[in-house]
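A.B. asks: Take a look at the letters that make up each chain.
Protein chains: 2
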Amino acid sequence: MSYDTLKKIMHTVTDLGQAAAVLGWDQETYMPDGAVIGRSEQLATLSSLIHTFMTNDAAKAAVAAVKPQLATMPERERRVAEMFIRDHDRAVQLPAELVEEQSRVASLAQDAWKRAKDASDFSIFAPLLQRTVELKRQEVSYLGACAHPYDLLLDQYEPGLTVDVITPIFDRLRVGTTALLAKIQPNLAQANDDVLHRSYDTSTQLDVAREIVQALGFDMHIGRVDLSAHPFCTSFGATDVRLTTRIRENDLRSCLFGLIHEAGHGMYEQGIGEDLARTPSAQGASMGIHESQSLFWENVIARSEAFWTWAFPRLRAAFPTQLADQTAESFFKAINKMAPSMNRVESDELTYNLHIILRFEIERDLVAGVIEVADIPRIWNEKMQASLGITPPNDAEGCLQDVHWSFGGIGYFPSYTLGKLYAAMEWNALKVAMPDVTEQIARGNFAPIRAWLRENIHQYGRTELPTEIIKRITGRELTEVDFLDYVGARAARVYGF
Amino acid sequence: MSYDTLKKIMHTVTDLGQAAAVLGWDQETYMPDGAVIGRSEQLATLSSLIHTFMTNDAAKAAVAAVKPQLATMPERERRVAEMFIRDHDRAVQLPAELVEEQSRVASLAQDAWKRAKDASDFSIFAPLLQRTVELKRQEVSYLGACAHPYDLLLDQYEPGLTVDVITPIFDRLRVGTTALLAKIQPNLAQANDDVLHRSYDTSTQLDVAREIVQALGFDMHIGRVDLSAHPFCTSFGATDVRLTTRIRENDLRSCLFGLIHEAGHGMYEQGIGEDLARTPSAQGASMGIHESQSLFWENVIARSEAFWTWAFPRLRAAFPTQLADQTAESFFKAINKMAPSMNRVESDELTYNLHIILRFEIERDLVAGVIEVADIPRIWNEKMQASLGITPPNDAEGCLQDVHWSFGGIGYFPSYTLGKLYAAMEWNALKVAMPDVTEQIARGNFAPIRAWLRENIHQYGRTELPTEIIKRITGRELTEVDFLDYVGARAARVYGF
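Top to bottom, those sequences are chains A and B.
All the letters of the first sequence, read from the start, carry residue numbers 1 to 497 under my numbering.
All the letters of the second sequence, read from the start, carry residue numbers 1 to 497 under my numbering.
The shape of chain A in the complex, shown without the other chains:
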């Protein structure tokens, strides 16, 4: 009886969240320019109602009634209820004034960040980032004690992981990455990516990308593809999953790998168990596990040599002139060039993590008060030089390149690298379960791969913690070893060492 009451609350909260997601998708794809203010009011009303239904007396009573029953509930229901209670407990601890102030500051800070980036002047953004950090420190203080204050922020994106766990893993990952880069250095000429920057008809690019993600297993009957300024995936339940990509005439990677990445997110959402619909478990387990799915398809599968055995003839049929001088092998090398660069989003799968590690260290120390906002540009540049051997010429290309801090997304960055580590561990587990997986990929037979991911990850939605998922699949704890092995083997193939 009590669980039914809780379920009704979960349905309301989830339906409202999905409605808000439709409005968000619309805003990025089709909404007319002049509609921004009205849309922000509609969204503010929806999110305020979500907060209300999540934390009001009815929710408190339902949670209190269900808590004593948890031990005797069927496993799956118990997990769902626990996720709601988790969200509820966090939400009720935060005063409404703090949440409102954070949302107000976030909208000002995003604007200031844009202006600062355009002017390449960190000082324009600094006061609002300062305020953002102060509010995050307050948020942490409401959430109670923890080994490291940053753990309480990380918990929103990667529940169960902590600074104590991540720091040594990231340290070893940096060492391994640096060692691998040193091996690549003398062989850089082996990978030439000029071919990616020829002229490619934009609508043909989109056609090819759509065909490929459908072949991988993204279901267009319960999903669709549109264009937007930045690629994203959003879901309004497992039966309505929307991907977007962007197309650049002179960069063949942008549309294709952008869409494969988002389709990885999308297949995760499409595979979530029907019984979880309209609950807080009708979503991915965490940002990192979600990212493991997008990276699994984008990098592990679609940047592999086996994949291009199947895909290259298809791509060349679409662009016969531009790809006339290419082979599956030369193309595989072109899309796997690994070299330090200034920009996170343009970097390759190896050096990407160095960008993440420096951001993690800065935000971890900011929250703890070890460093202050004013120190960021200097520390950023020092860390860039130390880990990537590059010093940004200005703030725009340096510490202002990412939007995340401006919307208060402190604690978010580690998910990207965790996704890479999870994906490599998942890949090793899949190879054990399906020894001929590489041959299947080369034949374009992706259905068993998707089935394995669905069986082992997707169907669970958000009923387990990331640590539980990884343990269940691999029998091991999170490690950087699988990723370093995987990327090392790929680098060796590309650069011939």
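Since no wrong hints were added, every one of them can be taken at face value.
Repeated chains share a single entry, so a pair holds when one copy, or any two copies, can fit it.
In silico SDA-like pairs for lysine to any residue, Cα to Cα no more than 20 Å straight-line:
| # | residue 1 | residue 2 |
| --- | --- | --- |
| 1 | Lys-183 | Gly-488 |
| 2 | Lys-337 | His-197 |
| 3 | Lys-8 | Ser-40 |
| 4 | Lys-8 | His-51 |
| 5 | Lys-8 | Phe-53 |
| 6 | Lys-8 | Ser-48 |
| 7 | Lys-117 | Val-105 |
| 8 | Lys-7 | Ile-37 |
| 9 | Lys-8 | Ile-37 |
| 10 | Lys-383 | Ser-347 |
| 11 | Lys-7 | Ser-40 |
| 12 | Lys-8 | His-88 |
| 13 | Lys-8 | Glu-100 |
These are calculated hints, taken from the structure and not from any lab test.
Since this is a predicted model, take the numbers as computed values, not measurements.
Since chain A is already given, all that's left is putting chain B on it; use the hints.
C.D. replies: What follows is chain B alone, placed relative to chain A:
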């Protein structure tokens, strides 16, 4: 202070309504096929919350507090508050079980109607229509006493109008229409519309239609155009108004006049006063007044000879081969053919009203219990024969042609004809205010027309009753005379009598 509380409630209710409208638009344009169930749950949650916030104790308290202050409130605020109170009073009278049962039956009835239409068998639809009518009779009984029970249903679509007012007007309209048709009969050969059914490239059709509605004054910065199975206009506030149309290769009218019609609705929404945003007045005054705006642009303006003086060269530039043998005059005649036909939506602006009048009479008598559902096919066919001289060969082409009754839209049909009567009265008022309006149209100068409509109708949104609007603009009560004069003059021009 009390008004501020009421305002907050109005904002919540309006924002939720607009969010639901976004979801509805998405469903008709881009939503994947497989998402129907999830979407209906999201929409059910939103409409149930709207009902809750409209009728709960907080709303009752706010209404009770504001009522004594109405007399001393500024006019515009008072009008807005009165509209909310109107909606509130109606909503609180209806038991939640009735509303839920109506919504449940509506979804079953729509399905039954589709099956009945496909099978051309009224008996498949009859039991659910019977239930729909019973629920409507119950609804009326909750809403209190009235001269005619139908008045309480009509009130939702055309507040302020009653059976007593409409019946004699519609009777005279039928007589006038029949007389006009008798004059046209010997001259039918004058209007040949074969040209409309040649082959027209669909994307060029859409381009031309978009250009024309922008020229008329539909603002794409705060609006957009998409395709859907049936054309519609929806608004999420004055700064986000969406039109759809459909395109048929062999019917030049479908896309162009469909879009102009919807743009008439859309310009109304775009012109609503900013101060009314997020209130129950941020919409058209009634279905009939809304229809007067769409018909004003579609028929009064865009089917006029003056309009085609300007538009025909543009259309011929887009379709030089297909229109080589046409002149502005021959094209004007082709799009104004007037002759009895079986189908409401395919009929011309003169005979259209005969379709409406028979529907009005049937639903009026159904609600009053004068006739029963089982009588409908017979009565329909008798009335078709009497007023249009045609007997439908089967139910699909006869009494099953419209969706309205299946979703419970009883009381809706009169709005279509009222829109035509209003539009003709508005046109006469505009000609007094702007004596050279015909010359302006011929020059393609539509801005002053839109400005006049905005000044006199649009900016008021839903702050006045339809009767008040017409009285303010024309100084007169609703009449069929203006429409009969207008359509008589056009028929005379087309058929040369």
